[in-house]
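K.L.:
What follows is each chain in one-letter form.
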Amino acid sequence: MEDASAATFKVTFDAKQPASLHRASSARHTGRLASVLFAARREGTLIAGAALLSVIFTLALVAPYAFPGDPLAITGPSFLWPGEAAGHSLGTDALGRDVAAGIAHGARFSLFVGMGAAFLSTLAGVAAGAVAGFFGGWADRSFVRVTEIFQTIPGFLLLMVLMEIVPPSLFSITGTIAFVSWPMMARVARTEFMALRSREFVLAARTLGYGPARIIVMEILPNALPPIIAIASVSVASAILMEAALAFMGLGDPNTVSWGLMIGNGREFLRTAWYLSAIPGGAIMATVLGFNLLADGLARYLNPHRADRASARTP
Amino acid sequence: MVRADIVQPHAATPATWLNVAHAVALTPRLTIRVIMRVVPTLATIMVVGFSLLKLAPGDAIDQIMGAAGGASADNAAILRAHYGLDKPVWVQFLAYIQDLMHGNLGWSVRFNAPVSHLIADHAGPTIVLAFAGLVLALAVGVAGGIIMAACEQRLIGKIVSTLSIMLYSAPVFWISLMLIVLFSIRLHWLPSGNIETIGEDLGGIEWLYDRFLHLLLPAISLALFYAALYARVFRGSLIHEQSQDYVRTARAKGASSARVMVRHILPNALLPLSTIVGLNIGSMLGGAVVIETVYDWPGLGRLAYDAIMGRDFIVLLGVLLFASLFVVVANVLTDLGQRLLDPRLRIQ
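Line order of the protein sequences matches chains V and X. For the first sequence, position 46 matches number 46 in my numbering, and the numbering has no gaps at all. For the second sequence, position 69 matches number 69 in my numbering, and the numbering has no gaps at all.
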């Protein structure tokens with residue numbers, strides 16, 4: 001409250017004002033869509049990321065049709081190198097399971113865990129960060145305490161401990177990764193909400209008699225979204241990496257095809273059949289790269305200071 | 001008239017010793033503040049960690065019985081009574097706190113040794129690995145960041161920036177395996193694991209060289225991801241600093257580009273980087289856990305992994321506490337370092 005009253009009471013309804021206070025609406029939205037498309041043509045990173053991800057998503061979608069049946073089933077002789085035999089384009093592993101089928105089905109698992117964990121941690125992180133940043137006071141102090149604890153424990157160690165307690169399954173892995181990673185998102189959200197709560201449009205909303213919940217969700221949140229969206233894309237990437245590391249170390253679900261598990265299984269045969277580790281790792285890297293590129297592109301596109309930055313590049 | 005925002009915020013070097021003196025003078029007050037902040041954090045981690053691990057199914061006795069090929073329930077009960085595992089959880093908890101107060105982290109059933117000894121034995125290799133990784137990551141990251149910022153439009157800048165985002169996206173354990181394939185299996189240049197050549201009694205320089213060779217691959221594997229991260233952060237802060245007014249002032253004074261870069265931009269751009277480095281110490285330790293299991297490096301990560309596999313949760317709790325303490329100390333050192341770097345931070 002004290003911050004808001006300190007701000008000058010001045011509400012200007014110019015084009016730079018936040019979206020929700022003047023809904024000049026649909027025309028503006030189509031305009032925005034067009035400008036996104038236009039920017040996408042210029043933004044190489046955004047396109048590269050989207051292109052890479054669309055390949056992975058397609059792979060995940062067609063997996064049950066292109067590789068019907070259990071991807072863990074034995075389908076041929078063991079240790080076929082990629083390209084050695086027709087029908088096993090990426091070769092087979094030590095038990096004669098098809099690597100290509102594993103990659104395709106693993107894409108479903110990785111994407112689900114990555115996006116599910118990112119969704120949950122974004123939801124929790126934004127809620128916590130919004131409350132802490134908007135209200136300040138003891139809410140903020142306890143928030144800082146809690147995130148400090150998360151920041152102090154090495155995240156992956158905590159993840160390993162938690163995976164010991166819950167039985168590994170698709171949902172438990174997703175939830176656990178979300179639990180370990182929400183503080184990152186929460187800190188970003190808190191910073192945004194702290195910066196925005198003392199702005200004039202929030203004061204205007206208060207003056208109109210809006211309650212805190214409405215101000216948080218309808219007024220501040222839309223304006224805080226750009227960095228949140230970019231960070232959400234990063235957290236998909238990091239969730240996929242965490243899941244892979246867990247599965248690699250044998251702490252994941254041994255009965256699901258996972259790229260990390262494939263690398264872990266191939267590790268014993270590094271000397272003779274290194275492709276067994278190389279191929280799933282390449283798939284992980286491509287997926288994570290896709291989300292990271294998307295995050296970079298989004299951050300650059302959504303950053304309101306972009307114009308200044310571009311012009312101020314070299315004096 | 002001098003405008004505050006045109007004057008370079010970073011203090012010039014001649015005052016450095018003054019800065020050190022100033023920071024030292026502030027230390028007692030700072031120490032108290034740090035303790036006030038650290039003790040509740042570590043206490044919470046202890047309580048939460050203890051309760052979590054008591055929730056986990058099974059214990060070290062089960063594991064030992066399993067390894068011994070089964071045993072009677074009576075024997076298990078005797079063993080549990082011996083290690084105090086049969087008492088109610090809150091009694092165990094109080095006993096654990098009492099032990100902690102005496103600097104005792106408990107007794108490992110699996111390794112048959114005090115947890116504090118286990119941690120002392122395994123901390124050295126992890127600290128060496130993490131420190132080597134950090135130094136390497138900083139060196140490569142700063143160089144990469146400078147190249148990316150200075151040659152943004154040129155081919156070399158684009159190559160470095162593509163490389164950095166690819167490294168940033170690759171799983172650390174996978175990079176480790178691929179480095180092993182290349183440098184150990186194909187080229188036979190470097191050992192593929194462990195901390196020293198087993199069975200050879202080396203001394204002096206040879207011992208050191210052997211250790212160095214064994215450290216190289218794990219340290220590179222750990223460093224690559226963070227080098228990429230630091231390069232990206234450093235590029236950003238360099239570009240931000242380049243457009244500041246004090247840079248224009250320096251140029252107007254007639255300073256050469258190199259001088260502007262080295263004396264004016266670099267010191268200021270290092271500050272955000274140091275924040276990121278401090279924030280990532282915990283995650284670096286987490287990365288070391290994975291790397292240690294790949295390279296069979298006898299550090300805390302390896303210990304934690306073995307403890308999980310043996311369900312020896314008291315060891316895991318000890319590692320968790322020690323790692324958290326390590327992160328806290330590292331964060332305090334980062335804070336102090338930043339105060340040295342930037343006089344503005346000393347104003348409370």
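One should not assume that every hint holds.
Which residues of chain V face chain X? A few of them, derived with a C-beta cut under 8 Å, are [stated by the list, open to error]:
#  : residue
1  : P77
2  : E148
3  : I149
4  : P154
5  : E164
6  : P168
7  : L170
8  : A245
9  : F248
10 : R271
11 : A273
12 : S277
13 : I279
14 : G281
15 : M285
Here are the simulated distance ranges between beta carbons [as the list claims (entries may be wrong)]:
#  : chain 1 : residue 1 : chain 2 : residue 2 : range
16 : V       : A213      : X       : R259      : 40 to 46 Å
17 : V       : M194      : X       : A77       : 23 to 29 Å
18 : X       : N194      : V       : T75       : 35 to 41 Å
Worth flagging that the hints you see were computed from the coordinates, not collected in a lab. Positions of the beta carbon are idealized from the N, C-alpha and C atoms, including for glycine.
K.L.:
Mind checking the CB of E164(V) against every CB in chain X and telling me if the closest is under 8 Å?
P.N.:
holds, 5 Å
K.L.:
Answer holds if the nearest beta-carbon of chain X is closer than 8 Å to that of F248(V); otherwise answer violated.
P.N.:
Cβ of F248(V) sits 5 Å from chain X, so the hint holds.
K.L.:
Does the beta carbon distance between A213(V) and R259(X) stay inside 40 to 46 Å, or does it fall outside?
P.N.:
Given a distance of about 55 Å, which is not inside 40 to 46 Å, the answer is violated.
K.L.:
Has the hinted range 23 to 29 Å been met by the Cβ atoms of M194(V) and A77(X)?
P.N.:
Violated, at about 56 Å.
K.L.:
Should the interface hint for A245(V) be scored as holding, given a Cβ-Cβ cut-off of 8 Å against chain X?
P.N.:
holds, 5 Å
K.L.:
Restraint: L170(V) near chain X, CB-CB cut 8 Å. Satisfied or not?
P.N.:
Where the cut-off is 8 Å and the nearest Cβ of chain X is about 20 Å from L170(V), the hint is violated.
K.L.:
With a cut-off of 8 Å on the beta carbons, see whether S277(V) makes it to chain X.
P.N.:
holds, 5 Å
K.L.:
Lying within 35 to 41 Å: is that true of the beta-carbon distance N194(X) to T75(V)?
P.N.:
holds, 37 Å
K.L.:
With a cut-off of 8 Å, does the beta carbon of P77(V) approach a beta carbon of chain X closely enough for the hint to hold?
P.N.:
This hint is violated: P77(V) lies away from chain X, its Cβ roughly 23 Å from the closest one there, beyond 8 Å.
K.L.:
Given E148(V) as an interface hint, is its Cβ closer than 8 Å to any Cβ of chain X?
P.N.:
Hint on E148(V): holds, closest Cβ of chain X at ~6 Å, below 8 Å.
K.L.:
Next item in the hint list is M285(V). Is there a CB on chain X closer than 8 Å to its CB?
P.N.:
With a minimum Cβ separation of about 5 Å from chain X (threshold 8 Å), the hint on M285(V) holds.
K.L.:
Let's test the interface hint: is any C-beta of chain X closer than 8 Å to that of P168(V)?
P.N.:
violated, 12 Å
Violated hints for the displayed structure, listed by number in ascending order: 1, 6, 7, 11, 13, 16, 17.
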